[in-house]
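Construct all of the structure, not just a fragment, from the sequences and the given hints.
Read top to bottom, the protein sequences are chains S, X, D and Z. For the first sequence, the residue numbers in our numbering are 1 to 323. For the second sequence, the residue numbers in our numbering are 1 to 323. For the third sequence, the residue numbers in our numbering are 1 to 339. For the fourth sequence, the residue numbers in our numbering are 1 to 339.
Calculated from the structure, these hints are not laboratory results. Here a beta-carbon is modelled for each residue, glycine too, at the ideal position from N, C-alpha and C. It is possible that some hints are incorrect.
Derived contacts from chain X toward chain S, CB cut-off under 7 Å, selection only [what the hints assert, rightly or not]:
{"#": "1", "residue": "1"}
{"#": "2", "residue": "3"}
{"#": "3", "residue": "17"}
{"#": "4", "residue": "137"}
{"#": "5", "residue": "269"}
{"#": "6", "residue": "271"}
What the simulated footprint calls covered on chain D by chain X, stretch by stretch (three residues with Cβ under 8 Å from a Cβ of chain X suffice, anywhere in the stretch; the number is not a length) [what the hints assert, rightly or not]:
{"#": "7", "region": "92-104"}
{"#": "8", "region": "171-178"}
Now for the letters of each chain:
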Amino acid sequence: MSAVTLGKAITQGLRDALAADAKVLVFGEDVGRLGGVFRITDGLQRDFGEDRVFDTPLAESAIIGIAVGLALRGFRAVPEIQFDGFIYPAFEQIVSHVAKYENRSGLPLPITIRVPFGGNIGAIEHHSESPEAYFAHTAGLKVVAPARPSDAYGLLRTAIAGDDPVIFFEPKARYYLKEEMDLPVPPLPLGRARVAREGTAVTVVAYGPMVETALRAAEAAAEEGTSVEVIDLRSLAPLDVETLVTSVRKTHRAVVVHEAPVFCGFGAEVAARLSHDAFDSLEAPVIRLGGLNVPYPPSRFEKLYLPDADRILQAVDESVAYG
Amino acid sequence: MSAVTLGKAITQGLRDALAADAKVLVFGEDVGRLGGVFRITDGLQRDFGEDRVFDTPLAESAIIGIAVGLALRGFRAVPEIQFDGFIYPAFEQIVSHVAKYENRSGLPLPITIRVPFGGNIGAIEHHSESPEAYFAHTAGLKVVAPARPSDAYGLLRTAIAGDDPVIFFEPKARYYLKEEMDLPVPPLPLGRARVAREGTAVTVVAYGPMVETALRAAEAAAEEGTSVEVIDLRSLAPLDVETLVTSVRKTHRAVVVHEAPVFCGFGAEVAARLSHDAFDSLEAPVIRLGGLNVPYPPSRFEKLYLPDADRILQAVDESVAYG
Amino acid sequence: MAEKPLAADGLSPQQLLDLYRKMVIIRRADQEALNLQRQGELGLWGQFLGQEATQVGATVAMESTDWIVPSYREFGMAMCRGIDPGEMLGYFRGLTHGPWDPRRYRFLPFTISVATQVPHAVGFAMGCRLEGSREVVLCVFGDGATSEGDWHEAMNFAGVFQAPVVFLCQNNQWAISVPLRRQTAGSIAERAQGYGFAGVRIDGNDVLAVFSAVRSAADRARRGEGPSLIEAVTYRMGAHTSADDPTRYRLDSDLAPWSSRDPIETYAAWLRSQALLDEGQADSIDAEAEGMAEAMRGKLRRLPLPSPAASLFDRVYHDPPASFLKEREEFEATLEPVE
Amino acid sequence: MAEKPLAADGLSPQQLLDLYRKMVIIRRADQEALNLQRQGELGLWGQFLGQEATQVGATVAMESTDWIVPSYREFGMAMCRGIDPGEMLGYFRGLTHGPWDPRRYRFLPFTISVATQVPHAVGFAMGCRLEGSREVVLCVFGDGATSEGDWHEAMNFAGVFQAPVVFLCQNNQWAISVPLRRQTAGSIAERAQGYGFAGVRIDGNDVLAVFSAVRSAADRARRGEGPSLIEAVTYRMGAHTSADDPTRYRLDSDLAPWSSRDPIETYAAWLRSQALLDEGQADSIDAEAEGMAEAMRGKLRRLPLPSPAASLFDRVYHDPPASFLKEREEFEATLEPVE
Ligand SMILES: Cc1ncc(C[n+]2csc(CCOP(=O)(O)OP(=O)(O)O)c2C)c(N)n1
Ligand SMILES: Cc1ncc(C[n+]2csc(CCOP(=O)(O)OP(=O)(O)O)c2C)c(N)n1
Ligand SMILES: [Mg+2]
Ligand SMILES: [Mg+2]
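Here it is in structure tokens:
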């Protein structure tokens, strides 16, 4: 066992996928020679050659568009979108084709779109977005957002080996998060949440970068005598409703948290679903926490914009105090 | 008073806006000589000239991009996106600029993006989409979706005269829906829902094309002795939570319906919000109805994909029967 | 048109006649589909009247192992690839989004979203190249498509990666109601140069010119010499689709010069002048076309309504999530309520 | 570089000297900003070292009533427009998304999302034309930007609507780690022809060449002769940004030929050869640059942290919805909890 960062786990996942299947191709802006602006693809071009790991011109729509063409040709395309905020030029290709092409052709469409996402990195505009709800709402896509290294590795291997398109959101502020593990870990099926911490008083639902924050909040709550259960969704679409409902049947209270703005965010799906499926178990309204309903602010203000452990704690207290 | 269709009310709204302010420009694919594929801009180029009502090349991103430039120059841009399914190429311009440019520049950004949306018209792929949740989730945008002619006129005038960007969704399957009215009606403030039908047993929340369907369901329910209140949201962002909560405080039950897939759709926001704000009033879980979580199907199957009055009635019955 | 020996050189009399035959047949299918739409059998029809030479010439110029990536107006091309026209009409009848197996015919699905298929074609061709295959991709789009960002991005990728792809613009001079001069600054063919590859403007109503331009572009691609752009200038003689009313934006006089340049008539005249087509052959081709039309009509009317659950759910995921299968079950239950 | 009388012709000795002065000053600002970033005062810095001639030549060539639509690397241009550099650094310090009033300086905000400003520039220019104004728009972008769909769509619109816009590509030969040959098929300047307007490739390290190309393109636009594209070939001497490590993808030997073509040094040599610059003037310009750097540093350090509620909420809507104002209030309450 050794301490592996989330970033390195993803690198290893890509490496092992490239080694396992000659049809796997990794491409995007600056992923080749440079090894990616976050160094996630570091060394891959050197080891697998320029045919299998290549830089593309600066054009996100074409990056995804050629991924569709390559997938139809029989390749397993693993394009990278350099930052969350630059996935929007590819939205048409993703919504009209990546999500729908299987439906129209009957062919498999093995595409895993890697997207470093989320804020808290002190960046300028467009580098801290959390666009996951757009994709979760798009039928035909699978959407995952791991929070810890082993899950990142396991989900990535499953995504790349699978025949359906997956939007793979990497919590970039957590690339240095470490976990003791031995790689490779087995591929992890999509669609299974995990109980990241057991508790009895309130369920906190999170994914991606907010899982770590939720765990910190749970730690603090424990010190105050409140037992918080933390669920790491891992996969947004499909959503593991069963694990959620099971937890809320036990705690009777829930808080859902993400970085994206609350309004019509993914937390709305979780809250609506829990409020429906666990209606009789809930002893307090499901509280949603998220970014403010404003454009992502200049970085000096991002800590005020994003949920943090304190806000989660407050919500937990509010939930416990209810009724 | 005379019977005015929704389509004609919008045409008149554009006409009156063009007449009221020389800075208003209407443009898009086929809106000029042809008068739009739905004839909504019929006669406008003839009456206001080719400078103010003009055809553009086939490029949605540029259509919205030049709208930003024109708005910064001081014009009131009213671009049309020909069909819902063709707004995705413009997603980057909308999310990164239309929504955020005021924030970055401090300047007004008077842009009203007209989008005929929704299904039920027997069309081929990409012509029946309901992409409103993508925009409702995008901070910085206002999103409206009228259901009847007078509202369409009133909201459109407000949108065009205002200094903020508005995504204006037109329920294309209802372009021929009629209302007895005298035009012009006064501009209607954004952000106010209306009680389209009063009732006591269940609240049905709808917008755009589904309002008419909900009203038909309410009629049928009345015959069965169930009193349904129908709320027409009119505006999705901002959302008139007060009207919603007031209604549910009265009926204690709610169903929310739209054409878009349920998963992470706008109904999730409504359900999450109601389940939270009216937690103590709700006697049954909020039920969400919508399109299936699959790509919009071939037209022969759209009636099975979309919610209809029957499905609304079933949900109403289920809600009433609950607990 | 009599002085076309060069282009015709490589083709046998039989092949030359077959070009005519194919044009006649696809035109008949186009006309029949229009009738079927008017009779309410189809939700929509997009005529390709006037564009037969481009569709036939280009398809025949490609090898059978090559791939075609179409827009939505390439029904004629699909027929030339052997896809059953009656089956295909299922698309326009609203029965299915994908009536044929793209791998079997090496013909990808129709793409409605203008220009978005162009990067698919380039990616596919990049894949061919990576595999060291000799397959080439023919990518087809309209004049309007060249205004979209995807078109440009794909051109540039094709140039950078030297993808074995032939770009064929069916410049029919209209994008719905917008004429070329309001659509396109500069020239479509000339744009190729800016991407570092060859671009030519040819007479899209001349089937032999199309054949020869596409064939030599495909040959170059096959030899590893990269992409080419061919702008085939033709004319959309009909409406944009059955939902369109061109009288609102187009004058009869706009059409007139093109009526006299009908691709089938001019080619027939040339074949006759070369004694490659006689009355008997023409009649038997017409009869064949008639038979095809009847078969197509019959096939369309007999197309079964696919099972709703299968249509809606079975081609969304290859590996459907459990929750999705549950939704499928729930859906099926609503169709046949359990007593 | 001594044989440049033509380009210099229209400029007075004073103006010629001022080009030098501006280049020296913006280079000093660039260097100072890099230091400030290293000291932790800025979150990010994007050097423009080596691109001073393009930035100064182009900005000075435009009239003061003209508009500039930049990408993100045009700090030097913004300075030439009189925007306070210390204030501007607030952007890179993470204090604000828009540190200046775009109307006052006729300089639109930085655009990070590559190429997306190009359609804005075209729309703005279309607006100028509709108003019958004589104002012209200068739109600036990098070589990488030309690969994006938005770039193409905007070029085509500019051509179709004959918008009074000058497109200036600062081809610094890199887009982060991707060199031009892997970025761009064909040639950037030549692409203009495909859109029906003039494209030229010029030496972007020659301030007079830039001035003269931009001036004549702006003049043409002002006369109603439509858009032009100028590809100014220069070189990014530094890293992409302070977050980048070019040693991973670029050799020292790649840089060498460009070091000897430094835009300021070559221009200074020419000025000296024409007796337009003497030691005293050079010293006083250096001193001015030093003063500017000190003022910039001081200004940056004194920049107040704006009020959080105002920063987050006050520039989202001109007409904020009531629910939004309530959210603002709730936010303020979390900042200063009521006892
Ligand atoms: C992205 C997109 N925008 C708009 C449309 C609506 N539309 C359908 S066809 C068409 C015109 C296409 O013109 P062209 O590319 O010349 O092809 P043609 O129809 O002439 O064959 C338009 C605007 C669309 N299908 N896709
Ligand atoms: C749409 C988009 N995709 C990706 C990025 C990330 N990115 C920032 S700058 C850059 C390279 C830009 O190169 P170029 O246009 O040549 O400008 P330069 O930085 O050389 O001035 C990239 C890929 C971005 N900002 N926007
Ligand atoms: Mg056309
Ligand atoms: Mg560059």
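Practice item. Could you check the structure against the hints above and give me the numbers of any it violates, in ascending order? Key: The structure conflicts with hints 1, 2, 3, although it agrees with all the remaining ones.
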